[in-house]
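Student: Construct the complete structure from the given sequences, taking the supplied hints into account.
Protein chains in written order, with the working numbering: chain A, 8 to 266; chain B, 66 to 448.
Worth flagging that the hints you see were computed from the coordinates, not collected in a lab. Among the hints, erroneous ones may be present.
Stated by the list, open to error - Only pairs whose alpha carbons sit at most 27 Å apart, straight line, appear in this in silico DSSO-like list of lysine-lysine: (1) A:K84 - B:K320; (2) A:K64 - B:K320; (3) A:K64 - A:K84; (4) B:K102 - B:K145; (5) B:K82 - B:K102; (6) A:K229 - A:K64.
Predicted model, so just to flag it, every value in this text is computed and none were measured.
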Amino acid sequence: MSVPVPHIEVQDLTMAYGDFIIQRNLNFTINRGDIFIIMGGSGCGKSTLLRHLVGLKSPAAGRVLYQGVDFWHTDEKQRGALMQRIGVLYQSGALWSSMTLAENVALPLGEYTDLSADEISEIVSFKLALVGLAGFESYYPSEISGGMRKRAGLARAMALDPDVLFFDEPSAGLDPISARLLDELIIELRDSLGATIVVVTHELASMFAIGNNSVFLDPETKTQIAVGNPVTLLNESVDPRVVRFLTRGTVSQKAPSPS
Amino acid sequence: MTADPETLSQSATVELKTDDLQRALACLSGDWSSSGKLPLVDTLLQQFPERFSGDLRFDTSAVGAWDSLFITWILRLTEKAEASGIRLVYDGLPEGVQGLIHLAQAVPERKGARRSGKSQGWLTRIGHRVHDILDNTRQLLAFLGEVTLAFSRMLIGRARFRRSDLALFIQQTGVDALPIVSLISILVGLILAFIGALQLAMFGAQVYVANLVGIAMVREMGAMMAAIIMAGRTGAAFSAQLGTMQVNEEIDAFKTLGIDPVEFLVLPRLLALTLMMPLLCIYADLLGIAGGMLVGIGLFDITPTQYIEQTSSAVTLTDVGVGIVKSIVFGVLIALAGCMKGIQCGRSASAVGEATTAAVVAAIVAIVVSDAVMTLIANALGV
Numbered sequence: 008m009s010v011p012v013p014h015i016e017v018q019d020l021t022m023a024y025g026d027f028i029i030q031r032n033l034n035f036t037i038n039r040g041d042i043f044i045i046m047g048g049s050g051c052g053k054s055t056l057l058r059h060l061v062g063l064k065s066p067a068a069g070r071v072l073y074q075g076v077d078f079w080h081t082d083e084k085q086r087g088a089l090m091q092r093i094g095v096l097y098q099s100g101a102l103w104s105s106m107t108l109a110e111n112v113a114l115p116l117g118e119y120t121d122l123s124a125d126e127i128s129e130i131v132s133f134k135l136a137l138v139g140l141a142g143f144e145s146y147y148p149s150e151i152s153g154g155m156r157k158r159a160g161l162a163r164a165m166a167l168d169p170d171v172l173f174f175d176e177p178s179a180g181l182d183p184i185s186a187r188l189l190d191e192l193i194i195e196l197r198d199s200l201g202a203t204i205v206v207v208t209h210e211l212a213s214m215f216a217i218g219n220n221s222v223f224l225d226p227e228t229k230t231q232i233a234v235g236n237p238v239t240l241l242n243e244s245v246d247p248r249v250v251r252f253l254t255r256g257t258v259s260q261k262a263p264s265p266s
Numbered sequence: 066m067t068a069d070p071e072t073l074s075q076s077a078t079v080e081l082k083t084d085d086l087q088r089a090l091a092c093l094s095g096d097w098s099s100s101g102k103l104p105l106v107d108t109l110l111q112q113f114p115e116r117f118s119g120d121l122r123f124d125t126s127a128v129g130a131w132d133s134l135f136i137t138w139i140l141r142l143t144e145k146a147e148a149s150g151i152r153l154v155y156d157g158l159p160e161g162v163q164g165l166i167h168l169a170q171a172v173p174e175r176k177g178a179r180r181s182g183k184s185q186g187w188l189t190r191i192g193h194r195v196h197d198i199l200d201n202t203r204q205l206l207a208f209l210g211e212v213t214l215a216f217s218r219m220l221i222g223r224a225r226f227r228r229s230d231l232a233l234f235i236q237q238t239g240v241d242a243l244p245i246v247s248l249i250s251i252l253v254g255l256i257l258a259f260i261g262a263l264q265l266a267m268f269g270a271q272v273y274v275a276n277l278v279g280i281a282m283v284r285e286m287g288a289m290m291a292a293i294i295m296a297g298r299t300g301a302a303f304s305a306q307l308g309t310m311q312v313n314e315e316i317d318a319f320k321t322l323g324i325d326p327v328e329f330l331v332l333p334r335l336l337a338l339t340l341m342m343p344l345l346c347i348y349a350d351l352l353g354i355a356g357g358m359l360v361g362i363g364l365f366d367i368t369p370t371q372y373i374e375q376t377s378s379a380v381t382l383t384d385v386g387v388g389i390v391k392s393i394v395f396g397v398l399i400a401l402a403g404c405m406k407g408i409q410c411g412r413s414a415s416a417v418g419e420a421t422t423a424a425v426v427a428a429i430v431a432i433v434v435s436d437a438v439m440t441l442i443a444n445a446l447g448v
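Tutor: What follows is the structure in structure tokens.
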């Protein structure tokens, strides 16, 4: 890849719910075209970080920059414009349950483009076909399986051809083969759309397979303890917590003894 | 494991042997499981000689069945014994028990994770309560502000919601509510007429029951009963719908697409209910009067013409107007309460239940309070 162009920059970000600090002093850069992994043990604030990046929660301190624009200190209009360039795949798909799959995907298109109804329905069918759901246009979310819902959620996230795609635990609840297919789909999307991709996951196989950059959040110290390519981290990190996580605890010291 | 297969369950017993060398051995026998009763930890500890500070070992060769209760017993014993300086040696325990205890102690308790069950002082509690009230007020104002903004965007034709949603909500809050509104209104009219007529009959003035029912229904009861039904029926439905969408992250999905959930979800519901409430109110008025007429004709020998004549002379258009204005206000309040509680719902199944309850309670309180205020205002204005 050519010289990395910063796409999203996180500077001194502190996240908190009221007085309860989740993570502090986060600093990392996500480059254009990266597949960036947010990893860490359960409860370390991965999903909270995602909510900060996509604009659902404002930081307690620090900044989130999108191509140099401070997301939380710009005017409403620009923030809206930035958010339109973001696609999010939620953990359970978060499809609007009162609408069919086609209506789910069509809604953002209808809101933000001047396309005719026919053009929209063609795009909708194309997006659904991309995620392997051709022919399911008129199904409601409750009529399809969990894995299909997730893929339909991806189709909706891609509706506006976003610059950045966020995935919240994409492989949670999927069988290994579907999870692998989703990984391949993610790489395919990055290559063909040129999008930047941010994935929250603790699925080791998938983070090594797709990630080229990552941040590791630690629940104990409440800050990031490693940044970089997951494979490099695995091979070169000297931090026992990182190595332990990336090797499922098989390397490094044995489990603490009871005494 | 030398449990006698013939006996179903042997009671758990423990016998303590101590010697002068600060050694102790607890001999356990019987079934140490939840099917029987375990000896008290304290009783065992009391058997230790004073100032004992050595090791406690176990002999469990006579223990039959055991389960998690046994392990919690050991853990409780460990905690209490260590507090008084006795160290436990687990070697003599069955291997499975040792393994599980090891596992339970492998990950130390995370500091600060346990919530203190300590009760707070009354000053702290009052402080928290005041904080909550301020928070709620701020949320209420924020929500009202958002709705006002969305509404003004709608007035200049720039609000985004699906017209098909609006039509669906109009059907749900209008036509679909007719059967229950009919039933309740007729019965209310009937009850009013019955109570009123019994009293008026004492003066031989039972024909004035038409006035009573007519004015009561048109000014108060029509709007009120329709509103209470809609609060239970539609206000609850709104908050449950939006609450579930919150749980499923559907509301987040709107936000990340840059679509204002208040505009898209709240506006059509608010509009539908505000449009339908006056119609339901007029409908309830008519059916209530019809209910009263049934009683008047059936029990008090008033002729239908007489009843209608009497009603139309008593009820003025102003009365009808007062009722309709009230119903519009009620409609707005019910929709706002339902939608606000739904949108502010937490992310769990029980939160949806709480939101629904809160929505109905808030709506009914708002209806009654606003009705009182409006009645006073109408009285002051002389209408």
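Student: Checking each numbered hint in turn, tell me which of them this model violates, lowest number first.
Tutor: none
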